[in-house]
Amino acid sequence: MFDLRDLYQEVILDHNKRPRNFGQLARPDRRAEGYNPLCGDQLTLQIELDGEVIRDVAFDGSGCAISKASASLMTESVKGKTLDEVRTLFEKFQEMVTADAEVEPDTDALGKLSVFAGVRAYPARVKCAVLAWHTLRSAVEGADDVATTE
Amino acid sequence: MSQAATPTAAPPRFDVTRVRKEFPILGRKVHGQPLVYLDNAATTQKPRVVLDALVRYYTEHNANIHRGVHYLSETATQAHEAARRTVQRFVNARDAREIVFTRNATEGINLVAHSFGQAHVREGDEIVITGMEHHSNIVPWQLLCERTGARLRVAPITDEGELVWEEVERLIGPRTKIVAVVHLSNSLGTVNPVERIVELAHQHDAAVLVDGAQSAYHLPVDVQAMDCDFYVATGHKLYGPTGIGLLYGKAERLEQMPPYQGGGDMISSVTFEKTTYNELPYKFEAGTPHIAGAIGLAAAIDYLTGVGLDQVAAHERDLLAYGTSALRQIPGLRLVGTATNKASILSFVMDGVHPHDVGTIVDRMGVAIRTGHHCTQPVMDRMGISATARASLAMYSTRDDIDTLVAAVGRAREVFA
Ligand SMILES: Cc1ncc(COP(=O)(O)O)c(C=O)c1O
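Protein chains in written order, with my numbering: chain A, 1 to 150; chain B, 1 to 417.
Be aware that a few hints might be false.
[Stated by the list, open to error] Label-pair distances were calculated between CB atoms; the ranges are: (1) Leu51/B / Ala124/A: 24 to 32 Å; (2) Arg85/B / Glu95/A: 55 to 63 Å; (3) Ala124/A / Thr59/B: 34 to 42 Å; (4) Glu167/B / Glu52/A: 21 to 29 Å; (5) Glu102/A / Arg28/B: 24 to 32 Å; (6) Ala124/A / Arg334/B: 23 to 31 Å.
[As the list claims (entries may be wrong)] These stretches of chain B come out as covered by chain A in the derived footprint (C-beta under 8 Å, 3 or more residues): (7) 346-357; (8) 370-378.
[To be verified] Computed from the model, here is a short list of chain A residues facing chain B with C-beta under 10 Å: (9) Asp3; (10) Leu4; (11) Arg5; (12) Leu38; (13) Gln42; (14) Cys64; (15) Ser67; (16) Lys68; (17) Gly80; (18) Arg120; (19) Tyr122.
Hints were generated in silico from the structure; no laboratory data involved.
Just so you know, even glycine gets a beta-carbon here, dropped at the ideal spot from N, CA and C.
Throw the hints in and build the complete structure from the sequences for me.
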């Protein structure tokens, strides 16, 4: 019915229901909070670093299906990556969710994250999809303030 | 003929189909579906008479007011002042001097917080608000407290979304300078006992500001009966244009208050040594006002009173009851805001489906609702949630609208099943 399945793909619904890496880390090196004032999505992100590599990552908080699934899938895809790789991934992700409808997502680079391509048809939801990424960036940069999507 | 003989002729029957024909936008489609507009608490749609009044003003009367001897300026001035009298009658103010045009409800509150605050609020004084205020009736008072060292006190609310009356009685006291309270809560639908609050506040010589942004278009308003010192409302929720709002203030209050902004129109004479201020209400209306807005608002009020606020209120009461029981049938849905005295608002949360997702899904079925904290974050915190989905009614809402909403919300449940 309609094109809702483009947005609410099975993978997204699954990660919303059973978020991965949800909770706290025992010894986080960095921590950041993200807040989306428009809808009240709120999340805390923790990372454990091994030099330039994200060894472990966890998130916590409440939000809509898009923001929760995005956080969950993000944690899966950044684990084990270097900070540089993560930066590139964030750029690709942001490009994908704001691109015009006819632009094919770079599935090679984005892997599972490509399920969020449907978000581009819902401009009001783009902020939900990128909240976790903004928060990750402020955790990486060590900025102590709250990341917002505004 | 027999009808004429009855002493109290029945008012014209409320006919929602006829009402809907007056609102051009209601005929459009959204995502290929007929529009079901249930975001009226954010802003209402405009009847044709309002659109016509705006076009007529700009095509036939446009001129600046209070400053020309020419014909157009005079007619524009007259229309603007006639609009003020329309507002005066609408809220039943004693005098048109007590009606100040503002940009919106927010500006009315800021005007009072600044100007009344400057005249009367000092360190150690207290300002009382409630736990269900819109941010626009919180932040101006916080700013006033920062400027003056006064203290903000907040009357708590119950799980149902009603004021805890004992706490209201405890908080309003000799230190209270002003009580600012929402008449009809935009996120809960609660109708507050403003008359009782006014009575209590006046016993302690405190002034009362009633935030009528939501009440003005749902409930008949009588500022004299309410006896409040200030009442604010906003044109765009009153079926009128954006950018125009109204502030009612008792003349004796307004007279004691310094101007809010300086500029043209608010003065009677200016020299570099001394400026004297204009009389009420112009003292508070600096610069060229939203003339077309005031005229459009008056057209909206004329339309609303023509339909009859009592009739509108009764129609919306019926729909609220219908919507309340229909939504309650949906498994896992919980209404937020269940006050005994309630109007026009259906706020809810659902197990396993975030309000934001509900909003997106029902939108694809043509149903416009609002999701989020509705500019009432403290209400969300109090209720232990981060957001609600909110359907809100207006005079053109129907049972069909509610049925479509219920079906759409059911669809959201399926997606997330
Ligand atoms: C209860 C309440 N107060 C104040 C406002 C502010 O109205 P406006 O934004 O038009 O100033 C609103 C509307 O959002 C409201 O619902």
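Now the hints, each set against the structure:
Distance hint for Leu51/B and Ala124/A: a CB-CB separation of about 27 Å, consistent with the stated range 24 to 32 Å. For Arg85/B and Glu95/A, the hinted distance range of 55 to 63 Å is satisfied, since their beta carbons lie about 57 Å from each other. Between Ala124/A and Thr59/B the Cβ separation comes to about 36 Å, which falls inside the hinted range of 34 to 42 Å. The hinted range of 21 to 29 Å is not satisfied by Glu167/B and Glu52/A, whose Cβ atoms lie roughly 55 Å apart.
Taking 24 to 32 Å as the suggested C-beta distance range, the pair Glu102/A and Arg28/B conforms, at roughly 27 Å. Between Ala124/A and Arg334/B the CB atoms are about 24 Å apart, so this pair conforms to the stated range of 23 to 31 Å. Residues of the region 346-357 of chain B with a Cβ under 8 Å from some Cβ of chain A number 6, which satisfies the need for three, so the listed coverage holds. Three residues within the 8 Å Cβ limit are the bar, and the region 370-378 of chain B against chain A gives 4, so the coverage statement holds.
Checking Asp3/A against chain B by beta carbon gives a least distance of about 7 Å; that is within 10 Å, so the hint holds. This hint holds: Leu4/A has a C-beta 6 Å from the nearest C-beta of chain B, less than the 10 Å allowed. Interface restraint check: Arg5/A against chain B, minimum CB-CB distance 8 Å, threshold 10 Å, status holds. For Leu38/A, the suggested interface contact is upheld, since its CB lies about 6 Å from the closest CB of chain B, less than 10 Å.
Look at Gln42/A: its Cβ gets to within about 6 Å of chain B, closer than 10 Å, so that hint holds up. Interface hint at Cys64/A: satisfied, since its Cβ lies 4 Å from the closest Cβ of chain B, which is below the 10 Å cut-off. Interface restraint check for Ser67/A: the shortest CB-CB distance to chain B comes to about 8 Å, inside 10 Å, so the restraint holds. Given the 10 Å rule on beta carbons, the hint for Lys68/A holds: about 8 Å separates it from the nearest Cβ of chain B.
The beta carbon of Gly80/A comes no nearer than 30 Å to any beta carbon in chain B, farther than 10 Å, and the hint placing it at the interface is violated. Residue-level restraint check for Arg120/A is violated (minimum Cβ-Cβ distance to chain B is 14 Å; threshold 10 Å). Taking 10 Å as the C-beta cut-off, the interface hint given for Tyr122/A holds, the closest approach to chain B being about 6 Å.
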